[in-house]
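Asker: These are the residues of each chain, in order.
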Amino acid sequence: MEAILNLLQLRREEAPTALLMSAYFFIALSCTSIIKSLQNSFYLTTVGWDWRLPMLYVAIALLSGPVVLSYRALAARRSHLVLGSVTILFIMASLAVFYGLLAGRPAWVLPVFYIWGGVFTVLLPIQGWIFSYDLYHTREAKRLYALLGTGGILGGACGGFYTAWRAGDQHNEVMLLHVCGLLAVGLLILAVVHRLNAERLREGPAQDSAETEGGANVSAIGKIWASPYLRNLAVLMLVSGAATTLVDLLYKWALDQRYSGSEQQITQFFGTLLGSMFVVSALLQLLGTSRFLRRWGVALGLLVMPAVLALGSLGVAFTAAFWAIVLLKALDGGLRSSLDRTSVELLYVPLGSAATASVKSLIDLGANRVGDGLGAALLVGVTIVVFSPVQAAGVLVLVAATVWFLAARSLGNEYRGMLRRSLVSVQTTSHPLSVSESINEGTLRDALESANSTTVQLALQNLIEREARSLEDDLAFSTQSEESIQSQLSGMYQAIPSWLARVERLTEHSDPEIAAAALHLAQRYRPRYYRDFLQEAFAQDEPPPLAPLLYLNRYAQEPSSFLTAERVRHWQQQLDPTRAVLVADLIGRTGQSEMVPILQEWIGGDDRRRAIAAIRALATFRDPAHIDQMFELLGPAWSRQAADAALISYGESVVGRLRDMLKDPGVELQVRREIPRVLAAIDSAEARDTLVGALYLPDSLLSFYALKELNRLRSQQKLTYEAESFLPVIQIWVRQYYELVYLRHQIAGQQGTASQLLRKAVQERIEWKVEKIFRALGLFLPQEDAYISYLGYTSDRRRLRENAIELIDSIIRGELRKTLLPIFGQQSDRELARIGGSLFGFPSDLDILLSDILGEGDAWLKCCIIAVAASQEMEALKSAVGRAVNDVSPLVRETAEWALSRWGTAAR
Amino acid sequence: MLKTIEKVLLLQEMRLFDFVSTERVAEMAQMCLERSVAAGDVIFEAEQSVDNLYLLVRGKVELERNGMRLPFSSAIALNPWTFFSRQPQPLRATALEDGLVLVGQRSPLEELLTSDPELCYSVLRYLASEGLEGHC
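Sequence lines, in order, name chains C and W. Oh and the first sequence: position 322 is 322 in this note's numbering, straight run, nothing missing. Oh and the second sequence: position 49 is 49 in this note's numbering, straight run, nothing missing.
The hints are simulated quantities; they were obtained by calculation from the structure and are not laboratory data. From a predicted model like this one, the values you see are computed outputs, not experimental measurements. Even glycine gets a Cβ: it sits at the ideal position worked out from N, Cα and C. Check before you lean on any hint, since a few could be wrong.
Below 25 angstroms or equal to it, Euclidean Cα-Cα: the simulated DMTMM-like pairs (lysine to aspartate or glutamate) are [unchecked claim]:
1) W:3 with C:764
2) C:708 with W:116
3) C:708 with C:652
4) C:760 with W:130
5) W:3 with C:699
6) C:663 with C:699
7) C:878 with W:6
8) C:760 with C:771
9) C:663 with W:116
10) W:3 with C:887
11) C:708 with C:767
12) C:760 with W:27
13) C:663 with C:887
14) C:760 with W:6
15) W:3 with C:894
16) C:878 with C:845
17) C:760 with W:118
18) C:760 with C:831
19) W:3 with C:875
20) C:760 with W:18
21) C:708 with W:118
22) C:760 with C:875
23) C:708 with W:27
24) C:663 with C:686
25) C:760 with W:116
26) W:3 with C:856
27) W:3 with C:668
28) C:663 with W:27
29) C:760 with W:13
30) W:3 with C:897
31) C:708 with W:111
32) W:3 with W:110
33) C:760 with C:897
34) W:3 with C:873
Just a few of them, taken from the derived set where beta-carbon distance is under 8 angstroms, the chain C residues facing chain W [claimed, not checked]:
35) 637
36) 641
37) 756
38) 757
39) 761
40) 764
Next comes chain C alone, as it looks inside the complex (with noise of 0.2 angstroms):
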């Protein structure tokens, strides 16, 4: 059994309803091929090839239309159990009409019977393909489209077979009685189905809609035309109709020369052909479609037929021969059932399934039907005008099915732009509030007076911005005399402000921030006033009040007239935090060295806000002297922030150091979990390679922080990274994250404190290693391909989850794609386990593998792996643990040693 599930790439829970499915597909397939046969042999029979032959196809582009709409008005209303209801029922009171009429084979019921098997026989598999949208999502699709797709072959194959086997010199019709019992099977595996998976087939539609084309108000041919995607697919549609009808047509024109007037000779060959096709379509479709299409992708899929077709109308063009008319034909049938089909249902799956329903039946039914009719008008064009029209018409298909690859091709490549677009509705956008520019002033004064502090402040901003919009030169104390500056105002202005005089009062405001910010409007206006009262402040004996020290330290462009090292003395026993801490920025911004002394005693005192606050000052005069004392406090975590952004002060000059650092297994871990960030904000070329360089290092922390800096370094700044560089790390990773899966499917049973801890510091590693490999493929990829590629990973939704797999499944190539995508396949841990086991051969000993994770460079996984193994005390782990006492790792020193300890006295 497991066996046969493998062969289908089935998996045991999905092979019921794929099984009924593709028993679903058989029997419509069957059922069409029965009627094609039986509609082309009766008329071909009684009327011959003639012109009115080409003209029915165009009839029957014609009809498609109504039937689309009513077919669409039924779609938009009901359920797809009721519409599949409906149309196999009046499909099937059709043949019950028809074979009563069909007895005499009177002449004006064939050319009916003919368009209208035209129109309604391709209803058949789209209510199988509505129903499998419904049920699959996008990489499921692509395994088991294969199987359905099976099914429906070999029920064409077995119609073909069936009907050129009853086939007699009359009576053939009572094969259309044989056809309605078979859709009444058909009809009753529908409803199966969908009672098996109600659930699923109620949530889908609903969801997928809003994700994709934007709900269903939007028309359906709107939304063809407004989609590129859906454009260039109609266009193959078309395309493709008119080429497979000229062979078609072709091919009967064959037929008809060769058996004029046999119906049971052309039924026969008519029958036996299309099921040998079937067979050879079955064939393709078991052994090749799925492998080509998970090996070579979509985009390609759709290519072969078009390439085929061209290459065998060749044969046709040059030697109008019957054989090679029966082989283009042969072709066109092998392929067009398998490989073509399955790619091109393929391409409707990331629409989701509402939106599919609502534009499939308008694509297949209407523009591959008036393809058809173009097909049938351009050969009747060609029997007129030509001399040869066989030859003319193996040219034409040559166009035609150059046309219809250039359509392939174009589609491929928006295939992917489809999977895309599909994802960014994971992406949330947020817009952060602002203070509309178009407030008008009576509002803001109003703001002004607000009692909520929170109004006033946002009023404020405003009209700072709005000042600093209006005045091009700030207009600071120090550098311009008030003369000038009024007289710049009288020229900008034409009045004072009217919200000025309500500012002025807010200067008092008990809210310091307020105060501060009205303090920078108000000294615009009246500059002398504000500058004497700034000097009163700060030449007092006690420090001065918020307000003032917040204005200079948010808005004064020059602060240090204000400012002296004798002041800030005489304060500092008297400063509490929040002013010292204003106090020592103002220091970093005077800019004045004999400061720098003050700043010294501060770091080493006892208060950290100002000692973070006089690192952040000392940063900003970038004197070398200093730049050890930064590196030492980086050690402490109350420091480790501030000494972050003074180093980056330093630029590149401590970026040699920060990469010895990196590498050093001696410095502490959380000291060199900071240098990415350090870096990244250096910013310069040899930054960056360290940054590159830290992927490999063995802490995952450590290298998963180093990659999310050069994310943002990318998303920043446009930067363009080979694929060559990233490989080997992501390799390593692939490795890892296949040896966490192994590890966790090995001690899934495993009691105790200990286990669990390991199993969810494996599970913590698994998930970073996901999110490391996507983040490593946003740095060569298109960058957005990655990102919501990951989004749509980790989304609760399963179709966008899947489409995100197909789209990496369409970018990356080569060995990396043969490790990566089972990661993301959505395996069981058995299977990954499998997997990983195979590629990279792990042992299947758990010893053995703890003894190696505990070789590698993970010290947090060790220490979860030593607890395990003195909980449990695994003597085979006995001696790798005692080697952890050497660890550079405190922390495994540390657990190596209680591990030891306590060995044989652990309580299993």
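With chain C's structure known, arrange chain W on it following the hints.
Answerer: Chain W alone, transformed into the frame defined by chain C:
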């Protein structure tokens, strides 16, 4: 004295760390001091400002507020809301049996949290989920 790995093994069960990576739990564990409590010991008094985060890893504790008493067993954070909000503690915690409490001091814990946005977010997620449960 407990080693870091032992503290992590005890802390991993705690809901406070549901969203925190195990490695980060280890970092927090390194900062926590051990405090053994005997039955009847008061771990913290009501209406006191609390500068420590108390994590009960062994034993049973009774939390009391306005005469209402609720017993809690390990593993539980006894005062996350008041610790993070810096509000005076409305509860009194008394050990019901001998046990062990890990005590995280405000200063190093806040430094760790403020230096690591991911850790901060994990704690925020815990508080949000607790708050949500409280409201639902």
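Asker: Minimum Cβ distance from residue 757 of chain C to chain W below 8 angstroms?
Answerer: Since the shortest Cβ distance to chain W is 5 angstroms, the answer is holds.
Asker: Next pair to validate is residue 760 of chain C with residue 6 of chain W; report whether the Cα-Cα distance is within 25 angstroms.
Answerer: 16 angstroms, holds
Asker: Hint check: residue 708 of chain C vs residue 116 of chain W, CA-CA at most 25 angstroms. Holds or violated?
Answerer: Satisfied, since the Cα-Cα distance of roughly 14 angstroms is no more than 25 angstroms.
Asker: Are residue 663 of chain C and residue 27 of chain W close enough, with their CA atoms no more than 25 angstroms apart?
Answerer: Holds: residue 663 of chain C and residue 27 of chain W sit about 22 angstroms apart, inside 25 angstroms.
Asker: If you draw a straight line from the CA of residue 3 of chain W to the CA of residue 875 of chain C, is it 25 angstroms or shorter?
Answerer: Judged against 25 angstroms, a Cα distance of about 22 angstroms means the pair holds.
Asker: Residue 663 of chain C and residue 686 of chain C were given as a pair; does the straight-line alpha-carbon distance stay at or below 25 angstroms?
Answerer: 15 angstroms, holds
Asker: Do the alpha carbons of residue 760 of chain C and residue 116 of chain W lie within 25 angstroms of each other, as the hint requires?
Answerer: Judged against 25 angstroms, a Cα distance of about 20 angstroms means the pair holds.
Asker: Check the hint pairing residue 708 of chain C with residue 118 of chain W against an upper bound of 25 angstroms on the C-alpha distance.
Answerer: 13 angstroms, holds
Asker: Need the status of pair residue 760 of chain C, residue 897 of chain C: alpha-carbon distance at most 25 angstroms?
Answerer: 23 angstroms, holds
Asker: Hold the hint about residue 761 of chain C up to the distance rule: shortest CB distance to chain W must be less than 8 angstroms.
Answerer: 5 angstroms, holds
Asker: With the threshold set at 25 angstroms, check whether the alpha-carbon distance from residue 3 of chain W to residue 897 of chain C stays at or below it.
Answerer: 10 angstroms, holds
Asker: Taking 25 angstroms as the top limit, are the C-alpha atoms of residue 708 of chain C and residue 652 of chain C close enough?
Answerer: Holds, at roughly 20 angstroms.
Of the numbered hints given earlier, the model fails none.
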